[in-house]
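*Asks:* Given next are the chains, with one letter for each unit.
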Amino acid sequence: MSQTKAPLPFDLTEPQKMLRKMVRELAERYVAPRAAEIDERDEYPEDIYKLLKGHGLLGIFFPEEYGGGGMGFFGGCIAIEEIARFCSNSPLPIVLNMLSSRVIDLSGSPEQKKHYITGLAKGDLRGSYALTEPHAGSDAGNIRTRADLEGEEWVINGQKAYCTGPDKADFITVAAKTDPSAGTRGITYFIVPTDTPGFSIGRHERKMGMRGVSTCELNFENAAVPKENQIGVLNKGFKTAMIGFNQMRPAIGSRAVGLAQGCLDYSLDYAKEREAFGVPISQHQAVQFMLADMFLDIEAARLLVYRAAALVDAGKIGKENARYFSAAKTFAADMAMKVAIDSIQVLGGAGYMKDHPLERFMRDAKQIQIVEGTSQIQRIIIARNLLDL
Amino acid sequence: MTRANITLPFSLPEAYRTLKEKVRDLAERCIAPRATEIDKLEEYPEDIYQLLKEHGILGIYLPEEFGGGGMGALGACVAIEEIARHCSNSPLFLSIPFLATRAIEIAGSPGQKKSLLSGIASGEMRASFSTTEPQAGSDIAAMKTYALPDGDSWVISGQKSYCTGSPQADFIVLAARTCPDGKAGRLRSSGELRNISLFIIPKGTPGLTVGPPERKMGMRGIPTCSLFLKNCHIPGKNLIANSGEGFKATMLTFNSARPGIGARGVGLAQGCLDYALGYAKEREAFGVPIVQHQAVQFMIADMFLDTEAARLLVHRAAALVDVGRFGKEDAHFISAAKCYASDTAMKSAVDGIQILGGTGYMKDHPLERFMRDAKQLQIIEGTNQIQRSLIARNLLDL
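Residue numbers (the numbering used here), protein chains in the order written: chain X, 1 to 389; chain G, 1001 to 1398.
Incorrect hints may have been included.
As the list claims (entries may be wrong) - Under the rule of at most 27 Å between Cα atoms (straight-line distance), these lysine-lysine pairs were calculated in the DSSO-like manner: (1) Lys227/X <-> Lys168/X; (2) Lys338/X <-> Lys1347/G; (3) Lys1144/G <-> Lys272/X; (4) Lys338/X <-> Lys1363/G; (5) Lys1281/G <-> Lys1113/G; (6) Lys1040/G <-> Lys1363/G; (7) Lys1363/G <-> Lys168/X; (8) Lys354/X <-> Lys1363/G; (9) Lys1040/G <-> Lys338/X; (10) Lys354/X <-> Lys1144/G; (11) Lys354/X <-> Lys1347/G; (12) Lys354/X <-> Lys1113/G; (13) Lys1203/G <-> Lys1113/G; (14) Lys227/X <-> Lys114/X; (15) Lys1053/G <-> Lys1114/G.
Rather than coming from a laboratory, the hints here were simulated on the basis of the structure.
Please construct the entire structure, taking both the sequences and the accompanying hints into account.
*Replies:* Structure (structure tokens):
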């Protein structure tokens, strides 16, 4: 009896395969040729933004009711990975759409969701996200930016660090202390339009990689937003944000999986052509083993990411599953760092030069081990989850 | 009974400790403040060259009879490490001529030694070294640049790649094939290896063109260029190693200079550790300096133990070189040092950034520069795959 109709488990569905094919073609055609210069010129790829918008990718993961593609975080991960194979900056519009909408999606009012999620999905709005402060990164509960209710407005004062994409954003999802005496339990999120008086973007950081998107300081000096811009329940923002981070983790993992796959593909092609000791270097075991390790680590990472994305789309995003999300992100990020380093090694001296993309991938990869919860924080989350702490 | 007179084994003898202090002080005062801008501006640090020259560091490893400091490979390693703790480019003022002069010391004529080694020792002359070609890197024996005999002279033609320091070099120690029929081709037998020779190519030789500098991920202070040789006439006295001995001389040259690359790795790793440790003591998270979190402690501990192991491997390798043990039989000790130290440098840089978190990713701190610089060490002067092959071959008597 034929079993051809049963889908292979642990494999993509037909719509997912179609999405992957579509994005892959777009990325090969339009993103790949632009990647090096985006990095060299530190230049935000507005053309790529429009490309993603035109193909419905900015909202691929948002529900159809908001004008999204309805393909969930899994769909988002597929799109991110395919783009990341060529360029680490170009997936960011999708990533930032996910990130800036998390708290709104999970705890926002129907009006907020309608306005912001629809806007993001259609590409009419761009968002950014600000939690980290100069003195508080991993220790997010220690932020000092305050929001005080004055009449019908929330007045925000403070400073944020390492906010990515604020210069292109229409609004920023900002974490502020609404109860300074409490740690993580005193945090509320607010929607701050970037034209709010009192809000300003400070220095643009000079980064090792990820140079196509700006990462900036933000200053809030009595920046007042309407009461309605509070997202969710007072002082419960952090809890929501943590669930939002769980949702984000497979997406960040996909950035890493894409980067690593790009490194493997490139170094594999090179190894087949380059000769040493009378044969293509792909015939030397030293090289074979590096390539083999790259392959198996990428495959493992991708499956971890897919499983995490599936959990997100099934709504299983609570604390009890934190270990799966964290495992996906940190395994993929750490793996990508190693793959980038080893892919340069496969090319030898040539790999060190800017004529090839691998040194750029290596510079970009490091960031993924740090953002949205460092690899150390991920391990703490996993351990605590395993140990019921 | 006091044991004060007994030198602790497996530690540097006093003369080297003195050298270490001297270079450390110089590096902290004069090199550290310049390191970031050297990278940022991609600018050859002539001032650092003059500094090292003035303090007698440039010739520290060369024999005293040529005006050097007589401190050999171990002296070179000590000085290189101290400089590399702050800047990855400045140590090349030692490590590159170290490589070039090793060839002359091992296989040069008395005349060559006299004229060239003194020049390097005093800092009056700069040298580079060139074997790699576009299609011959690890497979050095596949090189095609050839030298045709012309009376007592040679006429050399070909193309070299990735020669670091070449625009500033007064001479380049360069490998070429001396096949009598001038035919470059795929090696068929090891007999053809004997046709590789080393030549001294003076700056300004007609027919020699130094190409534009490569655009590199790191190591941006010292240019790396292709060389184009078109019928370069080189006098016979510039041949360093005779046909028949050139390849062996090249391998011995690499072996004996290899500890220097290890020292660059040790210095870079130490620099990352020092910087990350300093930061971790100040930076707070979850109510305490991050140095109190085990995750951070373990990264620091691993950086420490790997750097210590690397340093000992490098010092032992340098000591072997200085007693003349840098041939095939001891090659695996030396390869182990280079391989371990450069892999440690790469890992330490990646983890050093991790300790600083987001901040470490920014150009305000030196760690991203160290990470970009470290990668090169795993590749040059014998990739770490070649090093492993050498080690395996020696262990297995292949």
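*Asks:* Taken at face value, is the distance from the CA of Lys168/X to the CA of Lys227/X at most 27 Å?
*Replies:* Between Lys227/X and Lys168/X the Cα gap is close to 24 Å, so the pair holds against 27 Å.
*Asks:* Going straight from one Cα to the other, do Lys338/X and Lys1363/G come out at no more than 27 Å?
*Replies:* holds (22 Å)
*Asks:* Can the restraint linking Lys1040/G and Lys1363/G be considered satisfied, given a maximum Cα separation of 27 Å?
*Replies:* holds (9 Å)
*Asks:* Keeping to a limit of 27 Å between CA atoms, is the pair of Lys1281/G and Lys1113/G held or broken?
*Replies:* violated (51 Å)
*Asks:* Take the C-alpha atoms of Lys354/X and Lys1347/G, compute the straight-line distance between them, and say whether it is at most 27 Å.
*Replies:* At roughly 22 Å apart (the allowed maximum being 27 Å), Lys1347/G and Lys354/X satisfy the hint.
*Asks:* Does Lys338/X lie within 27 Å of Lys1040/G when you go C-alpha to C-alpha?
*Replies:* Distance ~26 Å between Lys1040/G and Lys338/X Cα, so the pair holds.
*Asks:* Run the distance test for Lys354/X versus Lys1113/G: straight-line Cα separation, threshold 27 Å.
*Replies:* Between Lys354/X and Lys1113/G the Cα gap is close to 38 Å, so the pair fails against 27 Å, i.e. violated.
*Asks:* Hey, Lys1053/G versus Lys1114/G, does the alpha-carbon distance stay inside 27 Å?
*Replies:* holds (19 Å)
*Asks:* Check whether the Cα positions of Lys338/X and Lys1347/G lie no farther apart than 27 Å.
*Replies:* holds (10 Å)
*Asks:* Measure nothing beyond the straight line between the CA atoms of Lys1144/G and Lys272/X; if it is 27 Å or shorter, mark the hint as holding.
*Replies:* This hinted pair holds, its Cα atoms lying about 22 Å apart.
*Asks:* Is the hinted pair Lys354/X and Lys1363/G satisfied, with a Cα-Cα distance of at most 27 Å?
*Replies:* holds (19 Å)
*Asks:* Straight-line Cα separation of Lys1363/G and Lys168/X no greater than 27 Å?
*Replies:* Roughly 23 Å separates the two Cα atoms, so the pair holds.
Hints 5, 12, counting from the list given before, are not met by this structure.
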